[in-house]
Amino acid sequence: LEPVFASNEEYEAWKERISRHKMISSGLKAGTQDVFIGIDSGSTTTKIVVLDEDSRLLYSYYNIIGGNPIKAVEEGLNQLNDECLKQNAVLNIKGSCSTGYGEDLIKAAFNLNHGIIETIAHYEAAAFFDPDVDCILDIGGQDMKCIRIRNHSVDSILLNEACSSGCG
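If you want this note's numbering, it's the 1-based position in the sequence shown plus 38.
For the record, the hints were derived by calculation from the structure and aren't laboratory data. There could be a bad hint or two in this list.
Below, computed lysine to any residue pairings styled on SDA-like, alpha-carbon distance capped at 25 Å [claimed, not checked]:
id	residue 1	residue 2
1	60	49
2	67	53
3	183	152
4	60	171
5	109	132
6	124	139
7	85	49
8	85	142
9	85	189
10	145	112
11	183	67
12	67	126
13	85	128
14	124	142
15	109	92
16	124	171
17	145	163
18	85	184
19	132	149
20	145	117
21	53	152
22	132	150
Everything numeric in this text was worked out from a predicted model, so none of it was measured.
Using the sequences and the hints given, assemble the complete structure.
Given below as structure tokens:
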């Protein structure tokens, strides 16, 4: 295979280009804030984010599931509650969504508004940073996916053929 970067200059240019694609983080603030909560209940880890109406990151949580996805989400939400109390912040939750292997379980357990298929969640997130994204690689805890994008929609997905128990 040809190298991904033919020179140090190409590599440095790539690092510069991708460094512009960052979430703006503003953190929780005192008072009432309108927010959206997203929960990714994966095969090995749980991720929780809280965004404001301008897509600024107010809170994030990442932890292993340890065989109990509901407990992992509960711990993350309890930590969010603790942060809100410290900051004297009140969250007006305008919407909530789950994704990942535990999408349906977490949606039902925590009475979330929506669930979204993981590949679509990946595309939406990638398109937020680069509307012309054409390929997404997802190196997860149990599988790896190559998601090909054509005309701003998922065109095909390649998946490793067997659970590799920790490829992420």
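Quick rundown of the hints versus the structure:
Distance restraint check for residue 60 and residue 49: the Cα-Cα separation of roughly 18 Å lies within the 25 Å cut-off, and the hinted pair is therefore satisfied. For a cut-off of 25 Å, the pair hint linking residue 67 to residue 53 is broken: about 32 Å separates their Cα positions. Between residue 183 and residue 152 the alpha-carbon distance is near 23 Å, which keeps this suggested pair within the 25 Å criterion. Our distance criterion of 25 Å between C-alpha atoms is met by residue 60 and residue 171, whose separation comes to about 15 Å.
Proximity of residue 109 to residue 132 is assessed by CA-CA distance (about 23 Å); at most 25 Å being required, the pair is judged to hold. Our distance criterion of 25 Å between C-alpha atoms is broken by residue 124 and residue 139, whose separation comes to about 32 Å. Taking the CA atoms of residue 85 and residue 49, the gap is about 29 Å. The hint is violated against a cut of 25 Å. Distance restraint check for residue 85 and residue 142: the Cα-Cα separation of roughly 15 Å lies within the 25 Å cut-off, and the hinted pair is therefore satisfied.
For the hint linking residue 85 to residue 189, the alpha-carbon distance of about 29 Å lies beyond 25 Å, and the restraint is violated. Only pairs whose Cα atoms come within 25 Å are accepted, and residue 145 paired with residue 112 is accepted, the gap being roughly 12 Å. The hinted pair formed by residue 183 and residue 67 fails the criterion: a straight-line CA distance of about 37 Å is larger than 25 Å. The straight-line distance between the Cα atoms of residue 67 and residue 126 is roughly 7 Å, inside the 25 Å bound, and the hint therefore holds.
In summary, the hint linking residue 85 to residue 128 is supported, as the alpha carbons are separated by about 21 Å, within the 25 Å threshold. Distance restraint check for residue 124 and residue 142: the Cα-Cα separation of roughly 31 Å exceeds the 25 Å cut-off, and the hinted pair is therefore not satisfied. Among the hinted pairs, residue 109 with residue 92 is inconsistent with the structure: their alpha-carbon atoms are about 30 Å apart, more than 25 Å. Distance restraint check for residue 124 and residue 171: the Cα-Cα separation of roughly 39 Å exceeds the 25 Å cut-off, and the hinted pair is therefore not satisfied.
In summary, the hint linking residue 145 to residue 163 is supported, as the alpha carbons are separated by about 19 Å, within the 25 Å threshold. The suggested pairing of residue 85 with residue 184 holds, with an alpha-carbon distance near 21 Å, which does not exceed 25 Å. The straight-line distance between the Cα atoms of residue 132 and residue 149 is roughly 13 Å, inside the 25 Å bound, and the hint therefore holds. Between the alpha carbons of residue 145 and residue 117 the distance comes to roughly 19 Å, so the proposed pair stays at or under 25 Å and holds.
At roughly 35 Å between alpha-carbon atoms, residue 53 and residue 152 are farther apart than 25 Å, so this suggested pair is violated. Note on residue 132 and residue 150: the hinted pairing holds, with a Cα-Cα distance of about 11 Å set against a maximum of 25 Å.
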